[in-house]
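S.K.: Construct all of the structure, not just a fragment, from the sequences and the given hints.
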Amino acid sequence: MLVRRMGYFSPSLSIKNSPFFSLLTKNPFPFHHLRPIHFFKPIHTKSPQTHLFSMNQKTHFTTSAAFLQEPTNTKTLSNRSAKKARRDAPESVLRHQLDQCSKRGDLQEAIRLYEEAKINNITLNVHHYNVLLYLCSSGTGTEGCGIEKGFQIFKQMGVNGVAPNEATFTSAARLAVAKQDPEMAFDLVKKMKSFGVPPKLRSYGPALFGFCEKGMADKAYEVDVHMGESGVVAEEAELSALLKVSSFSKKADKVYEMMHRLRASVRQVGEETAGVIEDWFNSEFAAEAGLQDWDVRKVKEGVVKGGGGWHGQGWLGKGNWNVVRVEMDSSGVCRSCGEKLVCIDIDPKETENFANSLAKLACEREVKANFVQFQDWLQKHGPFDAVVDGANVGLITQRNFNFSQLRSVVNKLRQMSESKKLPLVILHKSRTTGGPAQHPNNKKLLESWKKAGALYATPHGSNDDWYWLYAAVSSKGLLLTNDEMRDHLFQLLGTSFFPRWKEKHQIRMTASRDDGLKLHMPPPYSIVIQESEQGCWHVPTLTGDDLEIPRQWVCATRTKALHSLFRRTGESNH
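Just so you know, we're using my numbering here: the sequence shown kicks off at 26 and counts up by one.
Everything labelled a hint here was simulated from the structure, so no lab data went into it.
As the structure is a prediction and not an experimental result, all values here were calculated from the model.
Glycine included, each C-beta is placed from N, C-alpha and C at the ideal position.
Among the hints, a few may not be true.
Unchecked claim - Quick list of simulated restraints, FRET-style, between CB atoms:
{"hint": "1", "residue 1": "204", "residue 2": "258", "range": "26 to 32 Å"}
{"hint": "2", "residue 1": "204", "residue 2": "372", "range": "45 to 51 Å"}
{"hint": "3", "residue 1": "542", "residue 2": "458", "range": "24 to 30 Å"}
{"hint": "4", "residue 1": "111", "residue 2": "573", "range": "50 to 56 Å"}
{"hint": "5", "residue 1": "512", "residue 2": "539", "range": "29 to 35 Å"}
{"hint": "6", "residue 1": "297", "residue 2": "274", "range": "17 to 23 Å"}
{"hint": "7", "residue 1": "125", "residue 2": "540", "range": "49 to 55 Å"}
{"hint": "8", "residue 1": "116", "residue 2": "537", "range": "56 to 62 Å"}
What the hints assert, rightly or not - Here are the simulated lysine-lysine pairs, DSSO-like style, with alpha carbons at most 27 Å apart:
{"hint": "9", "residue 1": "365", "residue 2": "330"}
{"hint": "10", "residue 1": "454", "residue 2": "476"}
{"hint": "11", "residue 1": "225", "residue 2": "128"}
{"hint": "12", "residue 1": "239", "residue 2": "276"}
{"hint": "13", "residue 1": "385", "residue 2": "454"}
{"hint": "14", "residue 1": "128", "residue 2": "204"}
{"hint": "15", "residue 1": "374", "residue 2": "529"}
{"hint": "16", "residue 1": "469", "residue 2": "527"}
{"hint": "17", "residue 1": "385", "residue 2": "276"}
M.R.: Structural data, given as structure tokens:
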């Protein structure tokens, strides 16, 4: 019996017949010229003395089984030789050399290697081509020369029948934009699906940013729609570009849409986006945009429906905007306009769903039995008003673990709790049995927490992050940790619910000689773009973190006289 694998080869083609030439000329991609070729693995026949290799039952090779039965040391030597042979193969050497060119940004040397490989008939694979296309599209060489050479290499890839992947299309799209042709870049992305290649966010970047830079707002919106249809979510850079081109094109409704998309997915903006937002509010067109008489009842209903912090009824009022950078006081009152920011509630069902997702992820990445055991323990001893990341607290000010510091924090949290219940302390098992834990006072402390059901020691080899996070979420309690929760583990949790939960539940801590340990409770307001019932806007920036440096906000309000007039007008209609 034969085991068959499918591959493809392409006969000699002219450039005009290549699939990639059709991409560049925006014609449908022709697959009909590709013919299947079959590769076979060697399979034992019924006779132990032979192996059979066959191609379409036309050619047969036999070899003695005795010849294949080599001594173990000979096999090891053969394996090493085979690895060395693969490493020294021309294709592998070329790959290594091109990778080095990519690290150095050396386009000229990469092109020299490519031309040399063609002369020596070295077979290039998709990785070789992608490195070359990346260098040509990244502008590391002479701009015009690199772009032209990139298109030549792209065409040659099609001539040689090398199947493209996402990186290929993305580099080709960048080449198109470098040639000032975002339309071609968009066409390339649209054709990815026909190749079975799902586009990524970076695949759309060349076309989207290209249209935005040219001020072609409607084409940029087309790209945005296509992204949504492909399940690709725009991030801050894309939304900022769309907001900017909408402002430039005087499309107030689209600016409003982008502001709310930033609110929903980004929440706090970087400096560049903050500048784009300020430019919009300072523009003459922004002063004219808005309803002079609005339905107050609908605005209030929108606020309730949205959960607070926004209404979604469009720009309210007319007249120039007063735009300033400002800080909030400790209660969330704007120091410029006096508007009080709101604390946006989290749906309890969302919290429950998040806890279940968290447990599922933990069971996939931890020893399942260990985490299930923890869930059972938590069911018996919880819920807790607060959970403490013990390792983070014990090591916050020094290299050696400080149980005295941990005890002080635990006592503070207990005093703050309405139930006066001890918080749950999560520590690795090694922290509870070795080192400072052996000191009599620390032993006594740990034993008292354990007896009270307020200490859980995570098993060896586990990641305690899963344990303290799940405990806090499932208990609907506070979490004391200075961990920024930005690494790979927390990226798995997504950007929709988790940032909102963290903002409302994370307690942070600072330590100094003068003030000692100081706990920083979650702010009584939500750090997210907010739109008030009167049409004011407050946009939090990433400048400052509310601990050492007060966070900077963009405050945009109409003049107070107009506000009062418009508000009275709206209310008098009802």
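S.K.: Identify every previously stated hint that the structure contradicts and give their numbers, smallest first.
M.R.: 16 and 17
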